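Protein chains: 2
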Amino acid sequence: MKKLINGVDTVLSESLDGFCAAHADIVTLGEERKFVRRATLTPGKVALVSGGGSGHEPLHAGFVGHGMLDAACPGQVFTSPTPDQMLAAAAAVEQGGGVLFIVKNYEGDVMNFEMAAEMASGEVMTVVTNDDVAVENSDFSTGRRGVAGTLIVEKVVGAAAEAGADLAACKALGDRVNARTRSMGIALTSCTVPAAGKPTFTLAEDEMEMGVGIHGEPGRRRVKLMPAAGIAAELIEAIAGDLGAEARGDAILLVNGFGGTPAMELYVMYENARAELEKRGVRIARSLVGTYVTSLEMAGCSLTVTMLDEEIARHWDAPVHTAALRWKM
Amino acid sequence: MKKLINGVDTVLSESLDGFCAAHADIVTLGEERKFVRRATLTPGKVALVSGGGSGHEPLHAGFVGHGMLDAACPGQVFTSPTPDQMLAAAAAVEQGGGVLFIVKNYEGDVMNFEMAAEMASGEVMTVVTNDDVAVENSDFSTGRRGVAGTLIVEKVVGAAAEAGADLAACKALGDRVNARTRSMGIALTSCTVPAAGKPTFTLAEDEMEMGVGIHGEPGRRRVKLMPAAGIAAELIEAIAGDLGAEARGDAILLVNGFGGTPAMELYVMYENARAELEKRGVRIARSLVGTYVTSLEMAGCSLTVTMLDEEIARHWDAPVHTAALRWKM
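Protein chains in written order, with my numbering: chain D, 1 to 329; chain C, 1 to 329.
Isolated chain D (complex conformation) (with noise of 0.2 Å):
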């Protein structure tokens, strides 16, 4: 295992130090290593929580800032983190406003989110992201997967909160945005996690995981190797396909790189999934293309298509500063 780090023990606790001290204008580390906090905090607004196992980098810590979450829980790499953690974060954050639980679908998050919920001293919503159509169920889901589209969730949902939406509104939002969002994705190659100091999976050096899940779980099959073109069709076709009726007009189109995949990569993958959306009568709207949730190193990407309405588009485009999104501000 080629890794930059002292330990498997320790690559957690100082990386999220580093973090934290990188970022000191934006983010505040909690007492244990709970949580990481916006270092402002604004009265009376709704505190959007997020978190999840760590590896997917730099979701959700480094979406921490005005007009995004309020705070993030770290778990283990690939482990949820514990109810403890949680209750933790929404107590430091909580302004009077409630707390929005943003949580992507797998067992373990969505078992200890609850029961932070239900924990709590004040009012708890919860929005559960599903936006991944590769498979129904999956190794760690009942349902679909929760993958980059909570990415858009967070920012528009977090914009909206920003602009004094309460919580009943903010909960129905985010649902709301994330019923309009699908993702689909492929690895070229495997990750490694830490603690394990071996890949989770194998790829022979001519194939790829079709639909495969932001830990390296299995998606669709396993299939030869395809030239950009033919992951963009297929990728869009069961992303469009799933939508339905529902992909015409304006969206956001997020091009995700795993963690192994250059830059140059994602804007040829962004070329070919534009044209096969156009082809289709969906307009690009919006375009974010980069690293943003991931599976350690593994190489590979997802495309994510989130239908725009007014209201969607216009908390997309106010000003977010964050460690990993920052614009108009």
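Hints listed in this document are in silico derivations from the structure and should not be mistaken for laboratory results. It is possible that part of the hints are untrue.
For identical chains, the list gives no copy identity; a pair is met inside one copy or between any two copies.
Below are the DMTMM-like pairs computed for lysine to aspartate or glutamate, each with C-alpha atoms no more than 25 Å apart in a straight line [unchecked claim]: (1) K279 / E237; (2) K279 / D17; (3) K198 / D9; (4) K328 / D317; (5) K279 / E246; (6) K328 / D25; (7) K328 / E162; (8) K279 / D25; (9) K224 / D9; (10) K224 / D139; (11) K328 / D309; (12) K279 / E310; (13) K328 / D250; (14) K198 / D139; (15) K279 / E234; (16) K224 / E136.
Keep in mind the model is a prediction, meaning the values are calculated, not measured.
Mind docking chain C on chain D? Use the hints.
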């Protein structure tokens, strides 16, 4: 070779098309894809033009925009752009204030930018960056190589040009920032140039390249894989040793991923590099951690230190709005 491409002949053109489509609010693609330029130019401002071989994305096209470059010329992968491209870029963005070329110190780039400077009709000056302390001469350079410190030169001089500095002042500032900047990197894996189809070099499972160049070219020596703390200590020792008595006071610390290294490890490296610098009396006043000056999908990272003064800090903090670097706007 596992890459998300349609073919080795189209990877660059499709990537550039995708890049300029995804960021159409910021950049425009020049005729025959000779350069990427700002969508909006500022009359009278000194025009900053950079460029180099592709494969280092987001450098340089990702740094075109307000507060940084006016144009960037992309060569083929790891191959200098041609004087023809540089002339076309300079002509397209010259706004009456003259043109400053910012060139990484590699023989091909330096020769071609020199030729373009001689052929240009207007006034042209050049800053050559050579921040890499790993080797005094290399496979592709006479003298030290220009690496991730180039980002810092482009950011600082970009802000000065935006604030109205004239050509001679921009040139002097660029030389001064370069003189206060040192970098060194390590590789854990090789990259694969698309046209070559196989890794540029090979490293055993327990080996790393100390002082690697951003084309995967050799550095100081091949060594056994070390913990992050040991790597940070050796890189900072080389950087601080070379800065000598100047290595006191406030600095920018840039931890730069080479492409295949995830954020989690970059922040571990940041934490260890920060400790090494602080031991030496260098205070990290500004931080940047991310994948900015790459070697395709190579795993590894570089550390860059720029010693600050009031002028450099002010320009570093100034607003920037490019595809890859954005703050305060």
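Results of checking the hints against the structure:
Taking CA atoms no more than 25 Å apart as the test, K279 paired with E237 passes inside one copy only; the shortest distance there is 11 Å, against 55 Å between copies. Taking the closest pair of Cα atoms, K279 and D17 come within 25 Å of each other only across two copies (17 Å); inside a single copy the shortest separation is 47 Å, beyond that limit. Proximity of K198 and D9 under a CA criterion of 25 Å is satisfied intra-copy only: 16 Å inside one chain copy versus 35 Å between copies. In this homomeric assembly, K328 and D317 come within 25 Å of each other (Cα to Cα) both inside a single copy, at 8 Å, and across copies, at 15 Å.
Within a single copy, K279 and E246 get their C-alpha atoms as close as 15 Å, which meets the 25 Å cut-off; across copies the closest is 58 Å, which misses it. Taking the closest pair of Cα atoms, K328 and D25 come within 25 Å of each other both inside a single copy (17 Å) and across two copies (13 Å). With identical chains, the CA atoms of K328 and E162 are at most 25 Å apart both within one copy (14 Å) and between copies (18 Å). Within a single copy, K279 and D25 get their C-alpha atoms only as close as 44 Å, which misses the 25 Å cut-off; across copies the closest is 23 Å, which meets it.
Taking the closest pair of Cα atoms, K224 and D9 come within 25 Å of each other only across two copies (21 Å); inside a single copy the shortest separation is 37 Å, beyond that limit. Taking the shortest Cα distances, K224 and D139 sit within 25 Å of each other inside one copy (23 Å), while across copies they are farther apart (37 Å). For the homomeric pair K328 and D309, the shortest alpha-carbon distance inside one copy (20 Å) is at most 25 Å, but the shortest distance between copies (27 Å) is not. Taking identical chains as interchangeable, the C-alpha atoms of K279 and E310 lie at most 25 Å apart only when both belong to the same chain, with a minimum of 23 Å there against 53 Å between chains.
Taking the shortest alpha-carbon separations for K328 and D250, only the intra-copy value of 21 Å comes in at or below 25 Å, while the best inter-copy value is 28 Å. Taking the shortest alpha-carbon separations for K198 and D139, only the intra-copy value of 19 Å comes in at or below 25 Å, while the best inter-copy value is 34 Å. Taking identical chains as interchangeable, the C-alpha atoms of K279 and E234 lie at most 25 Å apart only when both belong to the same chain, with a minimum of 14 Å there against 53 Å between chains. With identical chains, the CA atoms of K224 and E136 are at most 25 Å apart within one copy only, with a shortest distance of 23 Å there and 45 Å across copies.
When held up to the earlier numbered hints, the structure conflicts with none and fits them all.
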